[in-house]
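**Student:** Here's the letter readout for the chains.
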Amino acid sequence: MALPLKASILVFAMFSQFLFAQEPDPVLGKKLFNSNCAACHKVNKKAVGPALRGASTKYEKEWLYSWIKNSSAMIKSGDDQAVAIWEEYNKSAMTAFPQLSTDDIDNIIAYTDYIPPAPAVVASDSNQTTNSNLSSGIANEIILGALGFVFIMLIFMLISVRRTLLRIAIASGVDITPPSKPKRVPIWKAFAQNQFIVFVSVILLLLSSAYYAYGFLMQVGVDQGYMPVQPIHYSHKIHAGVNQIECKYCHSSARVSKHSGIPSLNVCMNCHQNIAEYNGEEDLDNGYTKEFYTKEIKKLYAAVGWDEENQVYTGNTEPVKWVRIHNLPDFVYFNHAQHVMVGEVKCQTCHGPVEEMEIMYQYSPLTMGWCINCHRKTNVKVENNEYYTKIHEELSKKYGVEKLTVAQMGGLECGKCHY
Amino acid sequence: MATNKTYWKSIDQLDQDNSIVAKLEQNEFPEKLPQDFKKDDSKIEDSSSSRRDFLKYIGFSTAAATVAACEGPVIKSVPYVVQPEQIIPGVANFYATAIADGYDFASVLVKTREGRPIKIESNPDSPILGSANARVHASVLSMYDSLRLKSPKFNQSDIKWGSFMLQFKEKLRLFNSSKKPLVLLTQTFASPTTQELINKLIAKYSNIKHVVYDTISESYALDAYENIYGTRGLADYDFSKADTIISIDADILGDWQGGGYDVEYSNGRIPKKNNGKFKMSYHMQFESNMSLSGANADKRIPVTPVSLKNILAFIYGKLSNQPVNCKLEPNDKKAALLAIKKIKKSGHKAVLVSGIQETNAQELVLAINSLIKSDAFDITHPKLIRQGNSSEVNQLVKDLIKGDISGLITVGVNPVYNLSEGVKLGEAIKKLDFSAVFSLKMDETASVSQFVGALPHYLESWGDYEFKTDQFLLAQPTIHPLFDTRQFQSVLIDILDLEEDYYSFIKKYWTDNILSGTSFSKTLHDGYFTKSRSTKSAEMVNFQDMINKANFLCVDKEKGMSLILYSKTGMGDGQQANNPWLQEFPDPITRVSWDNYLTVSKSDAELIGLKNINVANGALNGSYATITMGDTKLTTPVLVQPGQAKGTVGLAFGYGKKIGLKNEMQSGVNAYLLYQNQNKVQQVSISPAEGYHEFACVQLHNTLMGRGDIVKETTLEIFNTKDKEYWNPVPRVSKNHIETKITSPEVDMWQGFDRSIGHHFNLSIDLNSCTGCGACVIACHAENNVPVVGKVEVRRSRDMHWLRIDRYYSSEESFDSDNDTKENISGLGALSTFKGMENASENPQVVFQPVMCQHCNHAPCETVCPVAATSHGRQGQNHMAYNRCIGTRYCANNCPYKVRRFNWFLYNKNDEFDYHMNNDLGRMVLNPDVVVRSRGVMEKCSFCIQKTQKTILDAKLEGREVKDGEFQTACSKACGNGSMVFGDINDKESEISKLKENERMYHLLESVGTKPNVMYQTKVRNIDKT
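Protein chains in written order, with this note's numbering: chain A, 1 to 419; chain B, 1 to 1026.
Calculated directly from the structure, the hints in this document are not laboratory data.
Check the hints yourself; a few may be wrong.
To be verified - Listed next, the stretches of chain B that the computed footprint assigns to chain A, with coverage defined by at least 3 CB atoms under 8 Å from CB atoms of chain A:
| id | region |
| --- | --- |
| 1 | 75-87 |
| 2 | 761-772 |
| 3 | 881-889 |
As the list claims (entries may be wrong) - Here are some of the chain A residues that sit facing chain B, going by a computed Cβ distance under 8 Å:
| id | residue |
| --- | --- |
| 4 | Glu23 |
| 5 | Leu265 |
| 6 | Asn316 |
| 7 | Pro319 |
| 8 | Asp330 |
| 9 | Ala337 |
| 10 | Leu412 |
We treat Cβ as the ideally placed atom computed from N, Cα and C, and that holds for glycine.
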């Protein structure tokens, strides 16, 4: 949807450039709208401020210019329309935009009033393709059915041929009993009688079953790849990947605490107060349509108690019960701040390519061996940290190395993680 | 090979018709198999399940459990909808507040995690009572008491606060209009705003009379101070300024006059160099019971209460050069003369205190300290933490029982339990027109009253206090009230129709009257505020007729037994009796937990026929005795107490409570029944009673038997004059017949590990300043999720305390002579001499020694662990990986210090151990940074590795080095006395490094060669042999 719209605007804009040079430009207007207005306004829908489509018909142009440039002055001056809208929107005045020229405002209005031509052609196209798909599906079934029929017929014919031949043989007195072979010891008996082979194979059997049993037991309690269904379909791919939101923006306690923390819902609302619907790319194969994502945003609103219509919090909250993915046993102490801030370990090192995960899952095994291996390999990040200055100098001299690994700093000691 | 022979078992088999033979033919076991089932044999026989069924069930459940265990549970995480700004999951917040429960008063810091308080710590910055004792440390658990009142009640059924207040106010109005007298009986609040509100209440309802009541009275001292200085308060003492401390029955390290003196006292007990010589204070204690103060004194004289009075009067006479007619026993006289000599020598650097409950005696104390112009004596700013008036209380009780008063409101007190006439009082309260109780718990008084107002715990309340004139404190809630409770102050505000809440009332009052411009928020943050001190001269001094008062004290010896009631370090006045930490806390002196008992001297015990015996399973049993006082009879277990004055017995308050306590906590007997007229000394007679009581005593071996290398001690004289080698020698072992110091690498069979890089933690414990108060024990409980195991298990020596405070008595006059005796043992008499040394002396020297895991650098436990569950960290900590431990207990057997504790059972979520870890509320106190151990694993002190790691991480996050004093363990943090110092010995400038170089330093059982990271500082006693 986004592409044809953009294209049609572009076409429209090119025409306008040539034909009506003085006319307001919706392309420029979109840019201006996104950088100045989008925080509080939407084109078609009420947000913090009113929807902007149709504003130009509702209000005089001149009135709009002065309102946008300094709304509070208008409210103070007692302009009826101004006061009315101020009261409608919880008496919060709109930010003044003295930097916008009247041309700019015209451009914005041009954008907000722009109605894209209906994408009729595209729609009919897609209809046709579905039709052809449908017909080819039917053809396949017919072919498969015919083939099956032929196959069954073949089997039937073969059986009847054999029966006929047998009858002929009996009639012409041919002896068809197979010649008796000398009696041989069946292979399983021979196997059972050879004690050496039995012995070796039992040992092999035991060893291999021990191997598999060990493998099975070692994965007990290891939930690598655990990907539970969450109460709200939250896509890390969209947030951390497409929109490049820094991990610690939401998981802020990872900076200071042992827990990275699941963000509280008010953190979500920092953005989602304005982002009420999804307009990004869709993944139709998996059913992730725009409507699907928008529905998930509504779930957030329900949980946090946000009345979208009136743009107020109702106070009826329902905390979200997320399913915890990364679980360490109680007897392990792990501290996010230590790794993320002191060690400057990237979140992805343990959590994997989160920015590509549509559904979050456990990337690492989170076993002790996994921890230890990393501690053995990773160098301690000592630069610009006065805590390490002295100890690093002395220890690296002792071990005769340039850089110390976590293990050399004592990161393999039991008590460092188990208390 | 088949055979046709028949083997006959008996001749009866010849008879084919013998029914017995036929019956036995197929029965292998004609007799019933012996079974181990103790009872209900019949049930087992009746049961239709066979042995095969049993095996089937076992097999199935094992398989089912195995299959189920492979599937991980689904864990839900529920974040805040709106996260409070100051709460970050995983990060602790500290708030300054104050406890003032009527008995314990202290300024404290509260550690909260995710909005719930989990630990109380001292507020070291507070200028007054900033050191939390064991009970204050434990008070956080009392908030999570599942038996607390959860809503207000009217006639024993729950109602809403709205209708409660409506009916309550109506009653007040009715009483006022009919001018019926109404008494408001409260604890000591020491709170300016509460006093203001009560004043307003009385102004509105003139029929209300306010009576203040302390469960354990200091009324005489208050009266004395009031008589002489005009205000009702208690003189304050700073024992750090005293060179000579003479205490006549004042338990200055216990709860005497509200307590809180141990920090300054300990300060003066550490030998400090002054003009080339080490000096420390001299402490002499006259007392009847063995108290903590007596145990710490340089000289202790056990005397009867009568003699105490005579001694005080005698000392006053001698000091003021006036004649007194007291007859002293020769020994007492000798001691009194020594005290006088010491006082005269120290002059204004001496101080005399007394706990004798008589106004005359208390006035004499004030007179003596004024006379010698004691530096330690502060009368200009009296303490206000005891305000109770015994005579008013006694009058009130009489009036109530007589029926002269028809209305009673009690706040924070429980007179039905705490008064000797409690039972009669309870009956009287039942008959009252109007009775209301404001209480934390459904206690004895609440259960007979009409209105019961549920009070919040102090950690859920606002408050303000003036512990001492001009020393103000603020208290703030650290958690939203857990139950439907309301502060008494808020109730008063409601009654007075003031249109504000208590918080704004405090804020307004403080801004107007106290702060004079200082920021309220800053004060709330600090928790305390000191008003610029007006140097009030003690004008109203009114010492009159003192010599007559002294003579009045001179009494002849009384016949019979004197009972001295006292409060135990753990239990105090008994408010927190439902606190399992305090119940399991072993008394510092007797080392008995879960009980109170009659302490009797050895000679009296023999005379009356009372016994203590050690039984086969290593536990202590004691005979019962009946105390008779007038009509009151009380049967208590007996504990033979070394140091108990002959002719006296002691009994602790706070036990024997029955209402509002879990079954396990209903231990001991109620000593308040004998607390007539709120006088702690009573004349009683003791007679033996049937049976033996089973004690849960954690230390049966009471003497050191001359093993001076466990507790090293010396006298100040030797310390000053002789070499270290004389009084604190390093033990030697023989190598190739050459005596070599144990510290030499020559005799070390271990390969040392270089610990000079990074941190190396050490803990120093100064035996001079350790008073044995036990705050560290409770702090350790709280910090490390140490379970409570209950009386039965403690009796089986399965207590879980990571930190114990060993107490040793000398078997002769002093430990020194014990050592001599042991040295001189030879020949055949050795066995009997050793046997004799097991018994403590009649008046022994006492020493306290906190022992926790010594974190040996060469640890015997580590080498014997088959699974390497215990191993050594380079920072000097002996690690214990619980998840690795398989419970062989080899380590505990190989530990020379016996500090490892084994989880014999699952102590959490187990109905068999119905203490705090068995309910959701009680588990809220658990520290989320420390794992809760399961059954079958060994555990022990970790040097609070969670705290040292946190300190290191904080430094790393801020990119700086760790400063000295930042490293703390729970015990070192709790030790207000400065006896326990923790730190990094690789930091050469740190306090701990200096302590390690101190001449007094020694290691416990150094000769074993374990190279511990815990060190002790030799105890120095201020004794001159002359």
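**Student:** All hints, please: hold or fail.
**Tutor:** Hints versus structure:
1. 75-87: With 9 residues in contact (Cβ-Cβ under 8 Å with chain A), the coverage given for the region 75-87 of chain B holds.
2. 761-772: Our answer is that it is violated, as 0 residues pass the Cβ test (under 8 Å) against chain A, missing three.
3. 881-889: holds (count 4)
4. Glu23: With Cβ-Cβ at 48 Å, over 8 Å, it is violated.
5. Leu265: Leu265/A check passes; min Cβ-Cβ to chain B is 5 Å, inside 8 Å.
6. Asn316: 10 Å, violated
7. Pro319: Pro319/A check passes; min Cβ-Cβ to chain B is 5 Å, inside 8 Å.
8. Asp330: 5 Å, holds
9. Ala337: It holds, given that the least Cβ distance between Ala337/A and chain B is near 6 Å, below 8 Å.
10. Leu412: 10 Å, violated
Hint check: violations occur at hints 2, 4, 6 and 10; the rest are consistent with the structure.
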